[in-house]
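Novice: The lines below spell out each chain.
There are 2 protein chains.
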Amino acid sequence: MYNQSRVIIENITPLINCGEFPLKSVVNEIIPVTADIFADGHDVIAASVLFKHEKEKSWKETRMHPAENDQWNSSFQVNKQGFYQYKIQGWVDHALNWQHGIQRKIEDGQTVNSELLEGAMLLEVIIEGAAKNDKTFLLDCIASFRHPGAYEKATEMAQSDKLHRLLVKHPTKLLHNESQVFTVYVDRLKARYSTWYEFFPRSASDEEGKHGTFKDCERLLPRVASMGFDTLYFPPIHPIGEVNRKGKNNTTVAKKDDVGSTWGIGSKLGGHKDIHPELGSLKDFKDLVKAAEKLGIEIAMDFALQAAPDHPWVKDHPEWFKWRPDGTVQYAENPPKKYQDILPIHFESGDWKNLWKDMLDTALYWIEECGIKVFRVDNPHTKPFYFWGWLISEVKKKHKDILFLSEAFTRPKIMHQLAKQGFTQSYTYFTWRNSKHELIEYMEELTKTDQQYFFRPNFWPNTPDINPWSLQSGNEAMHLQRYFLAATLSSNTGVYGPVFEQMVSAALPGREEYLDSEKFQIRHWDWEKQNKLTTLITKINMIRKEHTSLQQTKNIQFLSIENEQILAYHKYSDDREDETLMIVNLDPHYPQNGWVQLPMGELGVQEGQRISVTDLITGSSYHWDKEWNFVELHPALPFHLFKIGK
Amino acid sequence: MYNQSRVIIENITPLINCGEFPLKSVVNEIIPVTADIFADGHDVIAASVLFKHEKEKSWKETRMHPAENDQWNSSFQVNKQGFYQYKIQGWVDHALNWQHGIQRKIEDGQTVNSELLEGAMLLEVIIEGAAKNDKTFLLDCIASFRHPGAYEKATEMAQSDKLHRLLVKHPTKLLHNESQVFTVYVDRLKARYSTWYEFFPRSASDEEGKHGTFKDCERLLPRVASMGFDTLYFPPIHPIGEVNRKGKNNTTVAKKDDVGSTWGIGSKLGGHKDIHPELGSLKDFKDLVKAAEKLGIEIAMDFALQAAPDHPWVKDHPEWFKWRPDGTVQYAENPPKKYQDILPIHFESGDWKNLWKDMLDTALYWIEECGIKVFRVDNPHTKPFYFWGWLISEVKKKHKDILFLSEAFTRPKIMHQLAKQGFTQSYTYFTWRNSKHELIEYMEELTKTDQQYFFRPNFWPNTPDINPWSLQSGNEAMHLQRYFLAATLSSNTGVYGPVFEQMVSAALPGREEYLDSEKFQIRHWDWEKQNKLTTLITKINMIRKEHTSLQQTKNIQFLSIENEQILAYHKYSDDREDETLMIVNLDPHYPQNGWVQLPMGELGVQEGQRISVTDLITGSSYHWDKEWNFVELHPALPFHLFKIGK
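The listed protein sequences correspond, in order, to chains A and B.
For the first sequence, numbering that gives the first Met the number 0 begins at 0 and goes up steadily by one.
For the second sequence, numbering that gives the first Met the number 0 begins at 0 and goes up steadily by one.
The shape of chain A in the complex, shown without the other chains (with noise of 0.2 Å):
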């Protein structure tokens, strides 16, 4: 209860949780920071923010500037990946609160003999920590303070821009406040800005009903790479469990030669740390991932943890299931529903301990074993919050360098905690967000709440579990605009690749599934063909690749334009190097028309300056020299992504 400071430091933003979970930031970001920060009585008060990464000893400082209605801004820059802290300090700045005093009395035509005496007395104290060439005039100014004789050259001093900077730049920080630790963690720009492939291993061959191997998965590596992907994510590669294995679409019993779900983890040939052997040995794997870096592209790995009936985990660790009274293992159930192919580990066991720790072993062991930094975690939402928490900070303690994907499509509030918890990106409701009003109201709670500083949407399109209605028809304007939707409003887009591709929609009836899912059997794709798609989404990813304004997702404005089917938005790297506009023809049927609205004060441009916009998309240029211009968009190229050049 005893604090004799004077400064209050309050509502500082941004905060997760009140400070709870750290903010999330890359390499090279500056981080915004605002508070409340004021002082009893009238004198000059002065605050800073202190930051440094964790591994530093000592602190950074970068003063705060006053705003409007006692909030004051500052900002840091992260350089380094892994925590940084930061603290606010404010204080009483009693040397600029007398030279403030001093210019005001003699204004004022006051004499201030006293005054000078006081400023000495201050500046003695300052010049012990200042710098050696500013001693000098601090000295002199403190002679000429106490010189009776030197009175207008000491009033002069007194009054000085130079002595103010000294005094800013040298504070006595008296009974300095000071806010508690804040912490942001870094990541690689990665984290921030990738462009993700999905295909399922063993449907890789060129060869049609063989089962695909890593191998073939070599000889697709150089079409990924060459369409922009800089990350290629495959759904389970471990051995697929054989008791109540599902057949094709889901169905309960599996024929003989039934492939089987590959998120039914573990059979007698293996569990998390084992490689389904149809695909290939660990060290195919292994070749796979260094052929896949030489392309610049991360294989992302599935993490998903749950176990067939016959993964090893069941025998070796029954205290990781749960046991009905009936003496079998509690499968999953939601019920009515049954789900006797999957066994859920159960998280409340009294061996919790050492089934957390195995589970890091296995994350570790495909990080140090196969050069593996990324993981999309399946279903995270169905496991305990906290657990991930410390799995995730365990890896990177040891591995700064790893990104989790968070696979979790339920309630909002489950979603951000995952974020919370460490989660580096996750999938979102984007999926289902098709119409003007929809896609604006999401962008803007993603990037203009609380939200930016946690949560990273990846936008994906459709993925193996979501055959969304938008494209069930197989239109192929629909496909070509949710594509450009995912990849220019988020930084962070991935796409299932070969049913999109090819625009094979089919679904179960009356359900967002595929029909003939690849996720239980295996299909044939022609990997040679190309198409409008292919081309698009190729060109596309080479642009963001070169446009830094598409490498980040908060940067994001969306302008006016009078049509419900148009959407039209601004993006901007943060140097304004790069500035890009993006507008988009809703309906996948018709052309449709409008008059977009620049943003010329976002711009800096005035009414009747001339700017280019060209198309990098088909390359046309344009000048527009209006606030308000025409553009019409055909279902056959239904966008322009326009770099904007002043």
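Keep in mind that a hint or two might mislead.
Same chains, same label: a pair holds when it works inside one copy or across any pair of copies.
[As the list claims (entries may be wrong)] With a straight-line Cα cutoff of 30 Å, these simulated DSS-like cross-link-like pairs (lysine-lysine) come out:
| hint | residue 1 | residue 2 |
| --- | --- | --- |
| 1 | K293 | K59 |
| 2 | K435 | K372 |
| 3 | K189 | K104 |
| 4 | K336 | K544 |
| 5 | K321 | K134 |
| 6 | K56 | K86 |
| 7 | K104 | K247 |
| 8 | K152 | K336 |
| 9 | K645 | K282 |
| 10 | K272 | K209 |
| 11 | K336 | K209 |
| 12 | K412 | K447 |
| 13 | K447 | K104 |
| 14 | K314 | K247 |
| 15 | K293 | K321 |
| 16 | K336 | K447 |
| 17 | K56 | K285 |
| 18 | K293 | K518 |
| 19 | K168 | K336 |
| 20 | K134 | K267 |
| 21 | K267 | K435 |
| 22 | K104 | K321 |
| 23 | K336 | K104 |
| 24 | K209 | K625 |
| 25 | K412 | K104 |
| 26 | K372 | K293 |
| 27 | K172 | K352 |
If you're looking for bench data, these hints aren't it; they were derived computationally from the structure.
Starting from the structure of chain A, add chain B where the hints point.
Specialist: Just chain B now, with coordinates in the frame of chain A:
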């Protein structure tokens, strides 16, 4: 980092600065609590608020209920003064989850033998903590669940409402999670509902030119009581400094018989623990406090921590003041302005702990020696915030009844911080909020944001420091309107009486200050005079006493009326037993009329249903059976104060 719980509890509301400061309440109020609560997976969860008075050992429990979007709600009642503590618990409720599951499976036609056995195991745990008369039923359940021949009875019992109620009543909080402990400070009712009157004791004489005394004040008590005031606030009653004493109208040089500012405290006659001899003796003051108490009036004392240059502290505790290099003591200044009659306390003093303790002793002296229960604190925003936090909490440790009114008319965040540090009530911007828009906006801020939980407004139309522009014309309708607004918008209200009642509104030219202010001279008032203002103030105060809807501030709802000069609002008691409707003409010169919309939903009435509205000022009654009703108000009586009857 290790926490096996599966439940997350976050985003708890209301909280002040993330729980750093207690919520404020008064005896018998209901505290609302909401939080986002959820678990991984699909299991049924449950949550409770646990709460207790600081002196109690065991927690009381009230269950929370799920609303939308994973938010859960509850509330609890506080019924004793002092601190309450509360926290939230959440857990996966295995028993309820089991019942939910078995019901779905039975409906689906599944056989549930194993589930019944599982239920028996769960009940065996629950039965240990169950009440005696619940045990019989639970034992019966267990027996049936385990009896192969009792399948039908068992499934019936398993699904029964009775069992459900017992499972809710006796939760097994396996691996529950818990929030931190938060606090509420509970005051007596007067913190929320009080009616203040202010006059200067030295102007209380009935003989013009004579210095008033406590005996004179005692004579005036029946008048104050009969007008319905419950708190009588006096400016400082201590010896007044003689060095640099201010003259009439704040002139720098006092004439021989000038009495000085009552806030220039301390002289050779004594300091903050002494009484100005011309007012009488300590015994006279004690007699006055007792006499007031008999009439239901509490004397509010001014707590003004500053010193005249001849205050005994300057000699006895020179280290409590700042000294200039020229050896003189530092007077108050706001450069270039100087206030040589006032020495600020130097809270940065090295002897600050003794200083703090002495200030506390001063407050305790008046509480314990004279029975003072209310302090109006002068300019608290020029003393450190943490000092107030400490002083108020130390006082309340010994005397929970004590109330502190913060006299800070300054920037919003400073006023709020003082309230957070513990001030019971606060002066507000009401004094300068005149238009309909301003009044609604300000009331919404006070009552619909988190301010409602820490900032208790006290509305004053005027004070000795503020003769607002709105009252300077001396217009009677404006005076009537301002008192009515103060007393019906806010449940805490006060008035600097003599000048207000008599509409003495002469101001220093161009300033919101009274001419010939009592702050610097004795005035003479005709205390017997009655007029429309005294009559209506009395009436309004009496109505407030009888109508609980007017005894709190936050239960307010503004009503639509298409006239910018008419303000209409509805207030209600928590139990809805008392509902009032206020309609005010803000135009001091002309009659105004319009159609006011009744809040049908809030009132729980239907279009066509007849309600009665009785004007408690005039006694007139009307019957309204429409949603929109015509009202007209004349400046001669510019308001309705309707009691609503259904």
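Novice: Please write out, lowest number first, the hints stated earlier that are contradicted by the structure.
Specialist: 1, 2, 3, 4, 9, 11, 13, 15, 16, 17, 20, 21, 24
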